[in-house]
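Chemist: Here are the chains, one letter per residue:
Protein chains: 6
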Amino acid sequence: MEKIIGKIESINKGPNYCNTTILLEDKKHLNIKLELGQDVLIQMGKIFQFEIESFLREEVTQYKAISIKPIDEVGIDSDRMAELVQAFYEHAPLKISEIKKGIESFLKKISNPVLKAVTEEVYKKYINQFYLHPAATKFHHAYFGGLSYHTYSMLKMIDPMVDIYPFLNRDLLYAATILHDVSKVDEMTGVDGEYTKEGQLLGHIVMGALEIDKAAVKLGLAESEEVMLLKHLMISHHGMLNFGSPKKPQTGEALLLWYIDSIDSKFTELGVALNSIEPGEFTQSINVLDKMRFYKPNLKNDKE
Amino acid sequence: MEKIIGKIESINKGPNYCNTTILLEDKKHLNIKLELGQDVLIQMGKIFQFEIESFLREEVTQYKAISIKPIDEVGIDSDRMAELVQAFYEHAPLKISEIKKGIESFLKKISNPVLKAVTEEVYKKYINQFYLHPAATKFHHAYFGGLSYHTYSMLKMIDPMVDIYPFLNRDLLYAATILHDVSKVDEMTGVDGEYTKEGQLLGHIVMGALEIDKAAVKLGLAESEEVMLLKHLMISHHGMLNFGSPKKPQTGEALLLWYIDSIDSKFTELGVALNSIEPGEFTQSINVLDKMRFYKPNLKNDKE
Amino acid sequence: MEKIIGKIESINKGPNYCNTTILLEDKKHLNIKLELGQDVLIQMGKIFQFEIESFLREEVTQYKAISIKPIDEVGIDSDRMAELVQAFYEHAPLKISEIKKGIESFLKKISNPVLKAVTEEVYKKYINQFYLHPAATKFHHAYFGGLSYHTYSMLKMIDPMVDIYPFLNRDLLYAATILHDVSKVDEMTGVDGEYTKEGQLLGHIVMGALEIDKAAVKLGLAESEEVMLLKHLMISHHGMLNFGSPKKPQTGEALLLWYIDSIDSKFTELGVALNSIEPGEFTQSINVLDKMRFYKPNLKNDKE
Amino acid sequence: MEKIIGKIESINKGPNYCNTTILLEDKKHLNIKLELGQDVLIQMGKIFQFEIESFLREEVTQYKAISIKPIDEVGIDSDRMAELVQAFYEHAPLKISEIKKGIESFLKKISNPVLKAVTEEVYKKYINQFYLHPAATKFHHAYFGGLSYHTYSMLKMIDPMVDIYPFLNRDLLYAATILHDVSKVDEMTGVDGEYTKEGQLLGHIVMGALEIDKAAVKLGLAESEEVMLLKHLMISHHGMLNFGSPKKPQTGEALLLWYIDSIDSKFTELGVALNSIEPGEFTQSINVLDKMRFYKPNLKNDKE
Amino acid sequence: MEKIIGKIESINKGPNYCNTTILLEDKKHLNIKLELGQDVLIQMGKIFQFEIESFLREEVTQYKAISIKPIDEVGIDSDRMAELVQAFYEHAPLKISEIKKGIESFLKKISNPVLKAVTEEVYKKYINQFYLHPAATKFHHAYFGGLSYHTYSMLKMIDPMVDIYPFLNRDLLYAATILHDVSKVDEMTGVDGEYTKEGQLLGHIVMGALEIDKAAVKLGLAESEEVMLLKHLMISHHGMLNFGSPKKPQTGEALLLWYIDSIDSKFTELGVALNSIEPGEFTQSINVLDKMRFYKPNLKNDKE
Amino acid sequence: MEKIIGKIESINKGPNYCNTTILLEDKKHLNIKLELGQDVLIQMGKIFQFEIESFLREEVTQYKAISIKPIDEVGIDSDRMAELVQAFYEHAPLKISEIKKGIESFLKKISNPVLKAVTEEVYKKYINQFYLHPAATKFHHAYFGGLSYHTYSMLKMIDPMVDIYPFLNRDLLYAATILHDVSKVDEMTGVDGEYTKEGQLLGHIVMGALEIDKAAVKLGLAESEEVMLLKHLMISHHGMLNFGSPKKPQTGEALLLWYIDSIDSKFTELGVALNSIEPGEFTQSINVLDKMRFYKPNLKNDKE
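So the protein sequences, as listed, match chains A, B, C, D, E and F.
Residues in the first sequence are numbered from 13 upward in steps of one, following my numbering.
Residues in the second sequence are numbered from 13 upward in steps of one, following my numbering.
Residues in the third sequence are numbered from 13 upward in steps of one, following my numbering.
Residues in the fourth sequence are numbered from 13 upward in steps of one, following my numbering.
Residues in the fifth sequence are numbered from 13 upward in steps of one, following my numbering.
Residues in the sixth sequence are numbered from 13 upward in steps of one, following my numbering.
Just so you know, the hints here were simulated from the structure itself, not pulled from any lab data.
One or more of the hints may lead you astray.
One copy or two, either will do: identical chains are not told apart, so a pair holds if it fits within one copy or between any two.
As the list claims (entries may be wrong) - Pairs of lysine to aspartate or glutamate residues, derived as DMTMM-like cross-links and limited to a Cα-Cα distance of at most 25 Å, are as follows: (1) 308 with 237; (2) 136 with 235; (3) 312 with 70; (4) 303 with 206; (5) 120 with 133; (6) 230 with 210; (7) 303 with 70; (8) 209 with 65; (9) 39 with 293; (10) 81 with 37; (11) 260 with 210; (12) 136 with 302; (13) 303 with 210; (14) 25 with 293; (15) 260 with 38; (16) 15 with 290.
Using the sequences and the hints, build the whole thing.
Modeler: Below is the structure:
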């Protein structure tokens with residue numbers, strides 16, 4: 013008897029038989045016989061842990077399921093969950109463990125104690141879902157880990173920009189970038205996701221400001237300049253009223269946060285689209301880029 | 013020796029004399045002699061309490077100041093303060109005590125316990141400033157009591173509307189109307205007012221949502237449907253993204269709140285403008301009404 | 013031989029038979045045999061009066077048509093016609109006779125003799141079609157009686173509003189509200205309706221102004237202030253140039269007319285949409301509400 | 013004793029003398045002595061008829077006023093009035109008599125009897141004011157005769173256009189062009205003009221449609237296709253809803269009317285602006301041309 | 013053996029037979045037997061020259077292909093090509109030879125030597141494609157010869173306009189009109205056409221300016237006022253920034269060029285649409301006319 | 013006798029004397045006596061070279077001018093001119109020699125030979141004016157060297173961005189950034205500058221594309237993919253049609269060029285504005301930032 017984890021790829025059922033084919037982490041497939049009625053325990057496209065037993069039929073080794081559990085009832089930790097998600101689904105181009113390491117290195121670089129404390133408090137609350145969640149329903153980064161990968165790419169733009177415009181505050185930018193989309197975890201229900209009721213009626217911008225405030229009240233830091241600035245960056249990060257920000261950016265850091273959010277959401281999508289065509293061709297029209305089609309130049313790049 | 017309250021109307025000062033003329037509640041004026049140097053204690057247009065002593069000079073009774081205190085250091089209650097403000101400044105067309113009675117009668121009518129508790133909690137925090145504050149800097153209701161008078165007029169529209177459209181929830185409308193502009197108290201600094209730093213960077217819409225949330229957390233009601241709805245009505249009450257609402261109204265109550273807010277802000281201003289001209293004439297252009305000029309019909313009204 | 017009225021629900025025809033099934037006012041169905049060729053006299057979904065005769069075939073009572081008349085050639089009065097329309101088609105939530113009684117009570121309340129005379133003159137001309145016509149082709153109130161029901165709901169908002177803003181003229185509001193959409197009768201051809209040529213090229217706003225003018229000329233009142241104001245309210249009742257009003261509202265009454273027209277068109281649609289879902293759900297996107305989806309709160313209302 | 017007509021250029025008055033200098037049609041000036049008190053009968057910049065008498069003072073011939081009448085109380089006909097207006101004020105580049113002859117030649121070319129009758133009926137009503145009125149308050153053609161000059165320039169574009177696009181109806185274009193701005197006569201009060209109450213609340217577009225309808229009712233032609241089309245061209249001639257047309261052009265003739273109205277209003281202003289600068293220079297910014305500055309090419313034209 | 017030219021209308025092919033039916037210039041059809049494999053030489057809807065030989069089968073004369081050549085490899089001149097294109101495809105309402113004669117008559121009328129030289133230089137380069145190319149992919153004039161027909165119609169409007177507004181320079185208008193769309197030849201690939209890479213990334217407006225400049229450099233006229241003006245008219249002929257002009261019209265000629273381009277593109281489409289319906293009807297919605305439907309008046313025109 | 017260079021700070025002139033005070037490179041001032049009439053040779057605020065001679069008057073050494081030359085007639089090279097401009101006028105925060113070294117280091121990094129050749133060809137033509145010209149008339153970088161300083165800041169953003177989005181072509185970005193504003197040299201006449209005729213009618217975007225094309229034609233590279241891409245980046249670098257780009261960015265490089273141009277123009281202005289206020293304050297409203305006022309956070313930065 014053996015425990016085995018896989019994603020359901022097909023369910024086959026007749027009047028007197030029932031079996032499923034699952035995808036394993038090593039990309040192999042396995043067919044498992046089920047008792048009649050066990051098929052209601054599984055669902056296409058989801059991950060399950062099976063206890064299986066092998067047996068011989070007509071000189072061929074076959075397997076039957078002893079027990080079946082959805083993966084989130086098995087009790088694995090979030091790192092292992094991240095591994096499984098990346099094994100079975102479309103996912104960010106980096107390993108989630110590397111994204112996490114990268115983001116946390118910026119979190120550690122925050123030297124302002126108020127910004128650090130509040131950012132950590134909110135980050136801790138969302139940490140698990142944050143690394144598995146997609147960034148958006150239909151548009152940019154809509155895959156597992158998309159939310160955190162997007163955040164990490166944005167963080168990488170901060171230092172070069174502050175080097176050119178040194179009047180900007182690095183800590184405030186690190187903190188606000190880490191938190192800016194964190195409430196998307198509650199706004200949408202995941203990759204095949206829909207807006208939640210709260211997401212639809214309040215939105216991640218207001219929900220994010222409420223989270224920052226709640227953490228600050230808890231830590232006794234609610235009246236600080238830092239927290240007010242962090243809330244301002246949160247609510248203004250869509251840049252314009254008609255993109256859902258109730259205030260436009262009114263500090264340099266708020267303005268830059270909008271720019272790097274906007275740049276990363278567009279260029280990541282553009283990269284994906286260009287990747288699927290040949291030089292000299294135009295992409296399909298791209299939603300986040302004003303439905304424009306983009307041309308892939310017929311030039312060699314450095315690395316090519 | 014006598015205590016007397018008045019608004020400073022002039023300060024007269026020479027090398028060796030100093031006096032002030034003040035306006036009393038009964039619209040009379042009084043001249044008070046000051047010691048040299050006492051003039052730094054007073055300020056044009058503000059209300060002070062004077063201890064005065066009378067004396068005769070050249071057979072005329074005159075008065076000199078024994079002590080001088082700004083009115084907000086005297087220790088009067090908020091009802092008395094409201095009386096003084098209405099006596100000395102441009103103010104709402106109703107007595108503040110009547111506005112207060114009116115608003116509180118709606119507060120009492122809220123039967124849903126969650127809505128009632130949260131509304132009262134926020135209301136109590138702002139009660140004093142709320143009745144003295146103007147509703148806006150430049151546009152509608154910019155006088156003492158303007159904020160509460162505007163709120164009261166809106167409340168009066170709710171019952172007739174719910175009678176015609178009975179699917180609307182009365183309690184939610186009472187609660188949200190009472191609270192919708194309450195954070196203007198922190199957004200602006202009063203009649204001669206400017207935006208505060210927080211007002212400029214966050215705005216009364218987001219500040220109001222944060223206040224509701226804070227009260228709900230304190231009362232243990234943060235996860236209720238009612239509080240989510242109240243926050244939705246708060247953030248959507250400007251109706252459109254480019255008027256500063258991060259979400260558009262998405263419940264019937266939210267939509268009506270926007271309508272009655274919009275109607276009252278426009279019709280109150282219009283009433284003031286029409287009041288200052290004759291039938292058959294056009295008003296000056298009115299800011300809140302798209303800078304249009306309005307015509308005052310040459311017709312008799314019921315009451316005329 | 014008996015006269016019977018019904019709506020055609022099916023027409024069945026073979027090489028040597030022909031019959032129709034009709035819906036009766038009591039919601040029962042009746043099958044009537046037709047002579048070959050009589051089927052060209054009837055039309056699916058329309059109301060007809062049949063003279064029928066019963067006969068026995070294989071021991072079953074059957075009916076055959078002696079004569080057939082379209083209902084509008086039978087010579088019934090408009091009250092009876094309204095009853096029939098309400099019996100057979102989707103219709104306003106109130107009986108047309110009640111809507112009519114309600115609207116005429118407001119017409120009677122107009123005390124200004126010029127406004128009363130002109131309003132009655134136009135009203136009389138359109139009275140019959142007015143109570144059967146829908147208010148719009150695709151959007152709000154698109155059912156029999158929709159036009160008059162919409163007008164009645166708007167009239168109910170006038171008194172509460174004038175009570176709060178007493179500078180408004182009640183008579184002008186009653187008159188303009190009764191007439192504001194009256195030319196939709198000529199603009200569109202009914203429920204399954206299309207724009208008429210005149211409706212497409214002139215529109216009910218201009219057609220309405222022409223009707224008022226024609227009535228005023230006939231009554232010798234064309235030069236009065238009242239008629240000019242009524243024409244202004246008519247042409248400005250869409251509120252904004254790009255909604256088809258050649259002038260924006262420039263009197264308080266014109267502004268209110270726009271608001272109550274806009275409120276009723278939106279809230280009636282919203283009520284219908286909310287009625288078809290459960291609390292806690294979102295409606296489908298609603299055309300007249302900017303294609304937004306609305307949430308039905310999970311709260312109890314007074315009446316529930 | 014002699015009658016003399018002039019425009020008042022100055023009024024000089026002391027404790028015991030009073031005289032006026034007037035401009036005569038031959039551009040000479042004349043000083044006339046007035047009785048004390050007679051100065052209230054005259055007004056700067058207006059035209060008056062004086063009866064004068066000469067007398068000798070210190071061997072110089074001088075004149076005194078026997079009687080004074082405003083020109084419009086003298087009883088001259090409209091042709092003579094047009095001459096005077098062109099003599100004394102800024103005016104159209106053509107003689108009003110020529111403009112009139114030109115416009116009436118197009119009126120005569122209308123062969124459709126309905127269009128001809130209705131156009132003549134409205135034209136007759138406005139004929140006098142039409143030839144003296146400016147076309148606009150601030151923008152294009154704001155001088156005496158501007159309205160008719162603008163109409164005449166537009167008429168000249170019709171034939172070439174119909175030659176290229178022969179599906180257009182010439183008669184409808186002549187008729188609608190002649191009438192399109194006729195109600196400006198009632199919309200504004202003349203050159204130093206302001207909007208009238210009716211002009212402000214209804215506008216020349218709606219007023220024009222009402223005039224056409226009134227004429228058609230009077231002539232028993234109200235139900236004709238021609239009158240409906242004429243009303244459509246009238247109300248759509250501003251081309252777009254947000255320029256005040258309640259309907260957009262929906263026939264070829266309506267579309268062309270908008271184009272030639274728009275072209276003439278812009279090119280006439282442009283011609284005036286270019287006329288005041290040298291080749292190689294830019295004009296001041298021009299209101300009707302989106303506040304753009306225009307360049308005068310350094311090229312020779314045919315006629316130069 | 014005979015040479016014959018036709019458009020392929022069908023290709024029929026079995027295991028052991030192959031033939032094609034072609035359309036001839038006289039609208040007759042001809043069936044030609046092909047060798048197995050010859051069918052790869054032809055293409056549906058294109059024009060070919062066949063050498064054919066007749067033979068008798070079952071007493072019927074039949075034809076077989078000896079050789080097959082695409083028409084553009086046959087070596088015919090551009091006039092003959094134009095004839096063929098007009099014979100076989102949807103085409104402009106005038107013969108291409110007449111359009112050409114018309115356009116060249118305007119080219120000859122240019123008296124300014126710089127404008128004439130540059131215009132001829134560019135014109136010569138594009139002359140052949142220019143007369144066969146459609147004016148647009150989806151919208152106006154999308155048929156063979158559409159580009160040149162559109163240009164010719166515009167040219168016809170210039171003289172009447174300059175007669176009314178004589179400050180405009182005739183030569184500049186002739187030159188710019190002839191050249192304004194010439195680069196559409198390189199922007200799109202013909203009637204069934206798509207944008208070329210250059211067309212998509214640069215557009216005919218910029219490409220046209222580059223062509224003018226190149227010709228002027230070659231002729232040593234690059235620094236002249238005329239060439240700068242011609243480039244300005246080229247880049248501003250879409251009239252507004254958001255229609256793709258990097259500068260708005262800033263000379264009278266540039267403004268007129270925009271107007272006549274806009275008028276011809278709309279009225280030509282309108283004429284086509286009205287032509288396909290009866291008086292008293294509305295057209296389908298027309299793309300270049302804001303998707304409006306247009307009404308065809310029930311009036312007689314001159315020529316009818 | 014000595015040659016001395018200075019900027020004219022005052023000119024003093026009486027009936028029989030004339031002298032000027034000049035500012036020297038070491039910030040000292042010097043008064044020079046002039047012959048009567050020599051004052052017409054100099055101009056306030058401009059730089060001149062004086063030959064002077066000293067003499068004693070009343071025991072004080074004084075100086076008189078022997079000859080006077082405008083600095084651009086003296087024959088100094090462009091490096092020395094840059095030094096003088098930076099000494100006497102408001103200028104970029106870096107030495108022009110450093111900006112030049114920086115920009116040329118990027119020019120050298122271009123490895124694609126076509127891009128390198130064309131970029132160098134255009135660069136060489138503009139090199140002198142490029143380093144002294146301001147970037148804009150009223151808005152960003154309006155000081156000597158502003159154009160090149162802006163270009164240099166943009167170049168510094170390219171490498172970090174390409175590191176994050178490696179599908180972008182570095183060479184194309186270097187080349188297009190160096191050239192993107194080069195035609196501003198011909199579009200405007202310098203710091204106190206106005207638009208030139210060509211600048212007004214064509215604009216630096218089109219002028220830039222023409223320059224690239226001219227250089228490419230000269231080098232025989234006009235048909236290359238690189239040159240087409242470079243022209244596309246040039247014409248699309250304002251990002252949107254209504255900012256004057258006739259095409260929107262349609263390659264990743266074009267999109268990034270727009271972003272870094274936009275970022276640098278905004279953040280440089282913001283830095284200047286924040287520099288002039290204290291932490292905790294708001295700036296004046298800033299033109300290039302939508303006329304918003306920005307808040308300077310009350311936080312310590314790294315370097316402080």
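Chemist: Each hint: holds or not?
Modeler: Hints and how they fare:
1. Taking the shortest Cα distances, residue 308 and residue 237 sit within 25 Å of each other only across copies (11 Å), while inside one copy they are farther apart (46 Å).
2. With identical chains, the CA atoms of residue 136 and residue 235 are at most 25 Å apart both within one copy (22 Å) and between copies (20 Å).
3. For the identical chains of this complex, residue 312 and residue 70 are neighbours neither inside a copy (58 Å) nor across copies (65 Å), given an alpha-carbon limit of 25 Å.
4. In the homo-oligomer, the alpha carbons of residue 303 and residue 206 lie at most 25 Å apart both inside one protomer (22 Å) and across protomers (18 Å), since each shortest distance falls under that limit.
5. In this assembly of identical chains, the alpha carbons of residue 120 and residue 133 lie at most 25 Å apart only when taken from the same copy (13 Å versus 39 Å across copies).
6. Both within a single protomer and between protomers do residue 230 and residue 210 lie at most 25 Å apart by alpha-carbon distance, with minima of 22 Å and 20 Å respectively.
7. Within a single copy, residue 303 and residue 70 get their C-alpha atoms no closer than 58 Å, and across copies no closer than 62 Å, so neither meets the 25 Å cut-off.
8. For the homomeric pair residue 209 and residue 65, neither the shortest alpha-carbon distance inside one copy (44 Å) nor that between copies (61 Å) is at most 25 Å.
9. Taking identical chains as interchangeable, the C-alpha atoms of residue 39 and residue 293 are never at most 25 Å apart, the minima being 33 Å within one chain and 40 Å between chains.
10. Taking CA atoms no more than 25 Å apart as the test, residue 81 paired with residue 37 passes inside one copy only; the shortest distance there is 17 Å, against 59 Å between copies.
11. In the homo-oligomer, the alpha carbons of residue 260 and residue 210 lie at most 25 Å apart both inside one protomer (23 Å) and across protomers (14 Å), since each shortest distance falls under that limit.
12. In this homomeric assembly, residue 136 and residue 302 never come within 25 Å of each other (Cα to Cα): the closest approach is 36 Å inside a single copy and 37 Å across copies.
13. For the identical chains of this complex, residue 303 and residue 210 are inter-copy neighbours only, at 19 Å across copies versus 29 Å inside a copy, given an alpha-carbon limit of 25 Å.
14. Within a single copy, residue 25 and residue 293 get their C-alpha atoms no closer than 46 Å, and across copies no closer than 35 Å, so neither meets the 25 Å cut-off.
15. Taking the shortest alpha-carbon separations for residue 260 and residue 38, neither the intra-copy value of 49 Å nor the inter-copy value of 45 Å comes in at or below 25 Å.
16. Taking the shortest Cα distances, residue 15 and residue 290 never come within 25 Å of each other, neither inside one copy (44 Å) nor across copies (43 Å).
The earlier numbered hints that this structure contradicts are 3, 7, 8, 9, 12, 14, 15, 16.
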